[in-house]
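Student: Chain by chain, the residues run as shown.
Number of protein chains: 2
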Amino acid sequence: MTATLELDVPQPALLFDLDGTLVDSVYQHVIAWQEALAECGIALSVWRIHRRIGMSGGLFLDALQRETRTTLDAATLARLATLHAEAYLRRADGVVPLPGARELLRVLHDRGVPFAIATSGASRTAGSALSLLELPDDVPVVTRDLVERAKPDPHLFLAAAKLLGVDPRQSFVIGDSVWDLLAAQRANALGIGLLSGGYGREELQAAGAYRVYADPAEMLSRLEEVGVRPARG
Amino acid sequence: MTATLELDVPQPALLFDLDGTLVDSVYQHVIAWQEALAECGIALSVWRIHRRIGMSGGLFLDALQRETRTTLDAATLARLATLHAEAYLRRADGVVPLPGARELLRVLHDRGVPFAIATSGASRTAGSALSLLELPDDVPVVTRDLVERAKPDPHLFLAAAKLLGVDPRQSFVIGDSVWDLLAAQRANALGIGLLSGGYGREELQAAGAYRVYADPAEMLSRLEEVGVRPARG
Numbered sequence: 001m002t003a004t005l006e007l008d009v010p011q012p013a014l015l016f017d018l019d020g021t022l023v024d025s026v027y028q029h030v031i032a033w034q035e036a037l038a039e040c041g042i043a044l045s046v047w048r049i050h051r052r053i054g055m056s057g058g059l060f061l062d063a064l065q066r067e068t069r070t071t072l073d074a075a076t077l078a079r080l081a082t083l084h085a086e087a088y089l090r091r092a093d094g095v096v097p098l099p100g101a102r103e104l105l106r107v108l109h110d111r112g113v114p115f116a117i118a119t120s121g122a123s124r125t126a127g128s129a130l131s132l133l134e135l136p137d138d139v140p141v142v143t144r145d146l147v148e149r150a151k152p153d154p155h156l157f158l159a160a161a162k163l164l165g166v167d168p169r170q171s172f173v174i175g176d177s178v179w180d181l182l183a184a185q186r187a188n189a190l191g192i193g194l195l196s197g198g199y200g201r202e203e204l205q206a207a208g209a210y211r212v213y214a215d216p217a218e219m220l221s222r223l224e225e226v227g228v229r230p231a232r233g
Numbered sequence: 001m002t003a004t005l006e007l008d009v010p011q012p013a014l015l016f017d018l019d020g021t022l023v024d025s026v027y028q029h030v031i032a033w034q035e036a037l038a039e040c041g042i043a044l045s046v047w048r049i050h051r052r053i054g055m056s057g058g059l060f061l062d063a064l065q066r067e068t069r070t071t072l073d074a075a076t077l078a079r080l081a082t083l084h085a086e087a088y089l090r091r092a093d094g095v096v097p098l099p100g101a102r103e104l105l106r107v108l109h110d111r112g113v114p115f116a117i118a119t120s121g122a123s124r125t126a127g128s129a130l131s132l133l134e135l136p137d138d139v140p141v142v143t144r145d146l147v148e149r150a151k152p153d154p155h156l157f158l159a160a161a162k163l164l165g166v167d168p169r170q171s172f173v174i175g176d177s178v179w180d181l182l183a184a185q186r187a188n189a190l191g192i193g194l195l196s197g198g199y200g201r202e203e204l205q206a207a208g209a210y211r212v213y214a215d216p217a218e219m220l221s222r223l224e225e226v227g228v229r230p231a232r233g
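Residue numbers (my numbering), protein chains in the order written: chain V, 1 to 233; chain X, 1 to 233.
Worth flagging that the hints you see were computed from the coordinates, not collected in a lab. Model, not experiment: these values are computed from the prediction. One thing to keep in mind: the hints can contain errors.
[What the hints assert, rightly or not] Examples of chain V residues toward chain X, derived with CB under 10 angstroms: (1) D24; (2) C40; (3) A43; (4) H50; (5) A81; (6) T82; (7) A85; (8) S131; (9) G208.
[Unchecked claim] Over the 12 angstroms line for every Cβ pair with chain X, so calculated as not near, a few chain V residues: (10) Q28; (11) R48; (12) V96; (13) L98.
Note that beta-carbon positions come from the ideal geometry of N, C-alpha and C, so glycine has one too.
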């Protein structure tokens, strides 16, 4: 019998996006953005908003100005953010955790797997979604207002890894959008795509996903694929 | 100089889906279904509803019962349809034509290209969307209640071709969902996918799209690719 080689492979940490990944809130955010834009006299097709959700609000508004060939002043940009938050919170009653989200986080917590949440959302709208998850007190949460740049820049996930005290290169980023997976690459982490934000499987694969699952429930049923071992009986 | 061979290649007819193809109504339909289902005590993630939109309501509810492992009685099924229509009509104020939709139909009309509309929607909800398009009176419109089966069965598009008096094999079906493109194949027509319903390009290509465009505006700018010639000056 040969001896096993000693290798330093730590338990990976898991860095989760929030909207569309743990809570079923993407479509409400999309419609809320459409309503806010319409109130400011800006017409943008809903699918184009959907494809931008999850990226930094600033980059979203930059892309919007380019696509609609308009220039928005600072007051309009601030008003859009407020109108969006208000329109979202009016719809927040219909937002629920995604199937398996609470169970997945409970299992990770019980097994001592380090995990954190990193969202491009502002603390105002994120708070209402986070309250659905019944998170343990010691789970780090990074919102947009805590970092200089949002996705697809890596700052949110790097901050989450830092708060956990883990190496981002030993982490998985779990998200529903192309922007999460691009930010994962920028952070030198591996990305896991979930279909629960409404993007197509191939879009997520093309953005570099290591694996794609339907939702947190399917990911929970395949945790060994991301290096989380079954509990020993 | 050689003579050109005489070939019988007629001007293709265009058979359009409605929601997500000509009007920007998919996300409102999706949220309306979620609300209707929640009122009947059925929890279903929004992205799963989105991926079913555009197929027959009956097949949608069959798939729903399979996925949620429930059995719905006839009264609940009827109530769901009513609740969905009411929830959609409450949101219909935010629904607008997609960019280029009116212009595309006007150009086709002016050039004498035969076209029709075929929607899986009921006449009640479709009527509100159709009114946005300012259709000429002679454009055939086939709604769900006029045929035995909806998409991905070919009946809606076959009925539209019949009303136009054209051969479906000489027609293009234009739709935003996988179900439109599968129904196009069943009707022996070619399918054109539009991204404006929020599906990914690769999903539409995998369902057999001959071409994929962003929205009616992009299709209008490339009409020669579907056999519609520029007007002669």
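Student: Please list, smallest to largest, the hint numbers that this structure does not respect.
Tutor: 2, 5, 6, 7, 8, 9, 10, 11, 12 and 13
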